[in-house]
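Chemist: These are the residues of each chain, in order.
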Amino acid sequence: MRFTTDQQTLEDLNIFGKHGVDSIYALFNRTYTRGGAAILEDCFRYPLADVERINQRCGLIRYFAEAAVGFPFRPETFDQAELYLANADERTKLSAGEQSLMGKVSRLIAADSEYKTIYNGVVALVEILQILRRFVEGAGVRERPATGAGSGVDARSGAGLYRTEQEAIVALLAEPALQPLMLDDHKGKLSFENVAQYDTVLRFRHRDIIRRLLQHIYQLDMYISVAKVARDRGFSFAEALPKERHFIRLEGVYHPQVSSAVPNTLDITPDSNVIFLTGANMAGKSTFMKSLGIALFLGHAGLPVPAAKMVFSVRDAIYTTINLPDDLGMGASHFYAEVLRVKKMARELSLGKSLFVIFDELFRGTNVKDAYEATVALTTAFAGRRDSMFVISTHIIEAGEVLGERNPNISFVYLPTRLREGVPVYTYTLEKGVTADRHGMVIIQNEGILDILKNGKPKLTKNETV
Amino acid sequence: MSFSADKQTTDDLNLLGKYKPGSVYTLFNTVRTRGGERLLDELFRSPLSDHQAINARSDIFRYLSANPATFPFTGSEVSLVEDYVGMGGSSSGLVMAVQAGRLRLLETVVNDKRYGVIREGVGATVGFLRDCRDFIRRFDAAKAPDQLAAKAPDQLAAKAPALLAAKAPALLVAKWTAARAILDDRRLAGLPSQQEVGAMSWYRLAALHHLFVSVLQDSLTRLLEILYHFDLYIAVSRVAAEKGFSYAHALPEEDYIVQARDLRHPCLDKAVGNPVLLDRHRNVVFLTGANMAGKSTFMKSFGIALYLAHMGFPVAAKDMVFSVKDGIYTSINVPDNLSMGYSHFYAEVQRVKTIAESVGASQSLLVIFDELFKGTNVKDAYDATLAITAAFAEYRNCVFVISTHIIEVGEVLREKYDNIQFSFLPTVMEGRTPRYTYTLSEGITSDRHGMIIIEQEGILDIITGGGVHH
Chain A
1 MRFTTDQQTL
11 EDLNIFGKHG
21 VDSIYALFNR
31 TYTRGGAAIL
41 EDCFRYPLAD
51 VERINQRCGL
61 IRYFAEAAVG
71 FPFRPETFDQ
81 AELYLANADE
91 RTKLSAGEQS
101 LMGKVSRLIA
111 ADSEYKTIYN
121 GVVALVEILQ
131 ILRRFVEGAG
141 VRERPATGAG
151 SGVDARSGAG
161 LYRTEQEAIV
171 ALLAEPALQP
181 LMLDDHKGKL
191 SFENVAQYDT
201 VLRFRHRDII
211 RRLLQHIYQL
221 DMYISVAKVA
231 RDRGFSFAEA
241 LPKERHFIRL
251 EGVYHPQVSS
261 AVPNTLDITP
271 DSNVIFLTGA
281 NMAGKSTFMK
291 SLGIALFLGH
301 AGLPVPAAKM
311 VFSVRDAIYT
321 TINLPDDLGM
331 GASHFYAEVL
341 RVKKMARELS
351 LGKSLFVIFD
361 ELFRGTNVKD
371 AYEATVALTT
381 AFAGRRDSMF
391 VISTHIIEAG
401 EVLGERNPNI
411 SFVYLPTRLR
421 EGVPVYTYTL
431 EKGVTADRHG
441 MVIIQNEGIL
451 DILKNGKPKL
461 TKNETV
Chain B
1 MSFSADKQTT
11 DDLNLLGKYK
21 PGSVYTLFNT
31 VRTRGGERLL
41 DELFRSPLSD
51 HQAINARSDI
61 FRYLSANPAT
71 FPFTGSEVSL
81 VEDYVGMGGS
91 SSGLVMAVQA
101 GRLRLLETVV
111 NDKRYGVIRE
121 GVGATVGFLR
131 DCRDFIRRFD
141 AAKAPDQLAA
151 KAPDQLAAKA
161 PALLAAKAPA
171 LLVAKWTAAR
181 AILDDRRLAG
191 LPSQQEVGAM
201 SWYRLAALHH
211 LFVSVLQDSL
221 TRLLEILYHF
231 DLYIAVSRVA
241 AEKGFSYAHA
251 LPEEDYIVQA
261 RDLRHPCLDK
271 AVGNPVLLDR
281 HRNVVFLTGA
291 NMAGKSTFMK
301 SFGIALYLAH
311 MGFPVAAKDM
321 VFSVKDGIYT
331 SINVPDNLSM
341 GYSHFYAEVQ
351 RVKTIAESVG
361 ASQSLLVIFD
371 ELFKGTNVKD
381 AYDATLAITA
391 AFAEYRNCVF
401 VISTHIIEVG
411 EVLREKYDNI
421 QFSFLPTVME
431 GRTPRYTYTL
441 SEGITSDRHG
451 MIIIEQEGIL
461 DIITGGGVHH
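Chains as they are written, first to last, in the numbering used here: chain A, 1 to 466; chain B, 1 to 470.
Some clues are possibly wrong.
Unchecked claim - Stretch-level coverage of chain A by chain B, calculated; a stretch enters the list once three of its residues show a Cβ under 8 angstroms from a Cβ in chain B:
1) 164-171
2) 376-387
3) 396-410
4) 432-446
5) 449-460
Source of the hints: derived by calculation from the structure; they are not laboratory data.
Where is the CB? At the ideal position from N, CA and C, for every residue including glycine.
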């Protein structure tokens with residue numbers, strides 16, 4: 001089964017982002033080649049729900065990060081190679097015997113652009129294949145076993161994981177027809193005869209091999225560039241656990257797009273599978289929830305996560321409701337939109353899926369009293385589903401008191417606000433319990449609204465009306 | 001000082017906006033001409049604050065509602081004349097005659113289009129002027145029934161019987177007198193018919209062309225402007241007659257009263273009417289009711305009626321009387337501005353602050369607060385709603401409509417203040433289905449339906465697995 005999510009979640013977490021906005025994908029997209037970018041995008045589009053595959057991808061990236069391997073190719077050679085390979089028309093094939101006088105003359109007088117493309121492509125591919133052989137055979141990979149592995153490469157270590165791919169590449173490169181161009185030490189220009197000979201091999205006879213080799217390189221590009229992002233940003237590598245454990249441990253998780261973000265630590269177990277988050281408005285509830293969502297999403301994509309350490313049981317899906325669009329005009333319909341969103345979660349739960357659900361400001365679209373009742377009822381119902389995980393934030397702190405009495409498996413955390421000389425200061429660090437911060441009246445006092453009214457001069461007061 | 005309503009208010013009330021479905025502007029926008037639409041825009045953007053000016057304008061609409069007239073032109077006919085007259089031309093008749101002659105020649109020789117444009121413009125203007133005369137003449141009958149009836153008794157009486165009876169308001173009379181003066185210009189006497197223009201020789205056409213776009217350009221532009229006014233007046237008064245709207249009577253500010261019967265939302269067809277009476281002794285309405293019970297609609301109806309009344313426009317109410325106010329402020333759908341770091345609560349606080357500043361600066365306002373302080377906890381919402389309502393209530397020169405679900409606030413206010421009216425919109429439960437009467441009742445209600453909606457969707461059952469039916 002695939003890991004699922006939906007548009008609302010992708011937008012909430014800013015995974016792909018809108019135009020002109022830096023997204024999480026953009027943050028990772030430091031690939032050298034277009035093919036590498038496409039593979040990375042697939043990782044984002046189709047997160048995994050398979051423990052083995054997640055750990056494998058993650059382990060590979062970790063291996064490249066630890067080995068600090070650089071991308072050995074010149075990126076522009078791939079554009080030339082792709083342009084060249086895109087033309088599979090037999091009629092453009094060069095053949096050595098056909099070196100007519102006309103062709104020679106036309107190349108001499110004016111650069112034949114078609115021949116130029118073929119020539120550049122062949123040269124680029126020769127370079128790529130030679131570098132690739134050196135890379136897979138060289139010290140860069142093979143002779144660098146995982147740290148502490150001693151003799152023999154452990155199949156589960158990073159180097160061991162890459163060995164399969166490495167061997168596949170070696171096998172492909174062993175094709176006899178490729179050997180002449182592998183050894184071609186062309187100082188200066190390739191002759192027309194050589195180009196024609198290589199063209200036949202590369203573009204027609206062994207096109208498939210070349211394509212597969214390029215795909216291996218793009219894969220490698222993704223590993224190396226993501227590993228570099230992880231190294232540069234200090235991301236760590238998550239460990240996936242089987243679903244049945246229903247366990248998440250996040251140490252020092254933070255939002256990758258907030259500068260100097262404060263890290264937080266959180267455990268979710270079947271005995272504390274509902275996280276009830278409170279805190280004042282600017283205390284950082286939404287940012288914390290987004291960082292949770294992003295970490296979980298990246299974890300399922302097998303990519304490095306913005307946390308010090310992360311262990312997680314795979315989920316079937318992740319759903320967030322952080323910025324539910326409220327352009328529906330009326331307050332009642334915003335509430336209804338929230339109800340429908342909750343209903344969608346409920347349906348998924350009823351199918352027996354194990355979800356990770358984030359709800360920010362649950363039922364903010366209605367009055368405080370309805371919101372209070374609905375929050376209590378819904379959170380209680382969620383708490384009964386111990387195979388899923390819920391993170392719910394609310395400003396209705398009164399709901400927390402009731403929920404705590406009824407449900408032992410709700411974990412209460414809050415983001416505190418300290419008042420320093422009447423000005424709120426935020427620590428952004430989770431604490432246990434339900435916040436007692438009520439700053440609504442403080443804000444109103446700070447804005448001086450009541451003073452404005454007290455000191456104003458009504459044209460008509462009570463005395464005059466009598 | 002003019003009557004003010006800020007962007008948030010006009011958005012909340014959905015007043016403006018040509019392309020917004022269901023806006024009040026769209027409701028009235030049945031004008032035919034571009035100029036009429038421009039005038040409608042202007043009126044919507046600048047409501048009046050002088051009670052005499054308001055009454056003078058509403059008299060025009062009232063008169064035309066009682067004495068329906070038909071605007072005799074289509075929008076394209078008027079546009080044609082407007083564009084043609086706007087062309088302008090040389091002040092010298094000779095120069096223009098030479099030009100016309102040259103174009104006539106070019107038309108014959110190389111099928112040039114420009115002469116045709118002139119011919120069409122002259123034809124349209126001739127027809128327009130004739131129809132204008134007929135149109136204005138009908139109003140003359142109303143102005144001086146005796147004189148004209150004596151001149152052409154049968155014809156006029158048959159054409160506009162209703163007009164003869166009523167006394168027209170002065171503003172309207174001024175408009176058609178001005179139109180009359182332009183049309184009576186002796187240079188416009190003896191105009192040819194439209195067919196004659198088609199067959200006219202180029203030098204006669206050139207003479208008319210010169211007259212219209214050069215000699216009389218200013219007069220004709222003024223005439224068009226008057227026609228736009230008639231277009232607007234007729235369109236608005238017709239909407240009023242069709243929808244059963246009536247006209248409010250404006251009083252000086254010092255009277256401090258807003259009163260109406262059967263107040264309803266103008267854009268809803270089956271809206272239920274409610275009475276309102278706010279004066280210096282009872283200037284605050286404390287409104288309670290369930291989510292769908294119609295609180296917002298009632299508050300919007302009130303805001304819209306007062307806004308339209310200040311424009312001198314027809315209102316969806318009966319017997320409305322109001323003292324002029326300095327403006328309206330509403331807080332119904334305050335958007336949060338998260339990109340600026342404003343939470344919903346903070347956005348509301350900012351809104352209340354803006355309003356408090358205006359109220360504190362001795363303005364007489366209508367203030368509407370719908371469900372204040374949603375984005376906070378229950379206790380803060382209670383404290384804040386109570387403090388804010390109590391502070392505002394001291395301003396007896398303003399009127400307030402405040403809705404909330406926190407009924408405890410109402411209980412406290414009832415003890416302390418004698419100038420607050422308590423109204424609610426009831427819900428009648430028929431089995432498990434709520435029905436709404438939309439009729440204001442006196443008192444406070446604790447009706448809420450958030451949980452009913454959740455239960456109707458069966459969400460809790462689905463989660464606990466009890467209610468899954470496939």
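Chemist: All hints are to be evaluated individually against the structure, with a verdict given for each.
Modeler: Against the structure, the hints come out as follows:
For the stretch 164-171 of chain A, the stated coverage by chain B is violated: 0 residues have a C-beta nearer than 8 angstroms to a C-beta of that chain, whereas at least 3 were required. Interface restraint, the stretch 376-387 of chain A with chain B: holds (6 residues with C-beta to C-beta distance below 8 angstroms; minimum three). For a cut-off of 8 angstroms, the count of residues in the stretch 396-410 of chain A with a CB near a CB of chain B stands at 3, and the three-residue condition holds. Using a Cβ-Cβ cut-off of 8 angstroms, 6 residues of the stretch 432-446 of chain A lie near chain B, which meets the minimum of three, so the contact claim holds.
Counting residues of the stretch 449-460 of chain A whose CB falls under 8 angstroms from any CB of chain B gives 11; the rule of at least 3 is met.
Comparing the model with each numbered hint stated earlier shows that hint 1 is the single one that does not hold.
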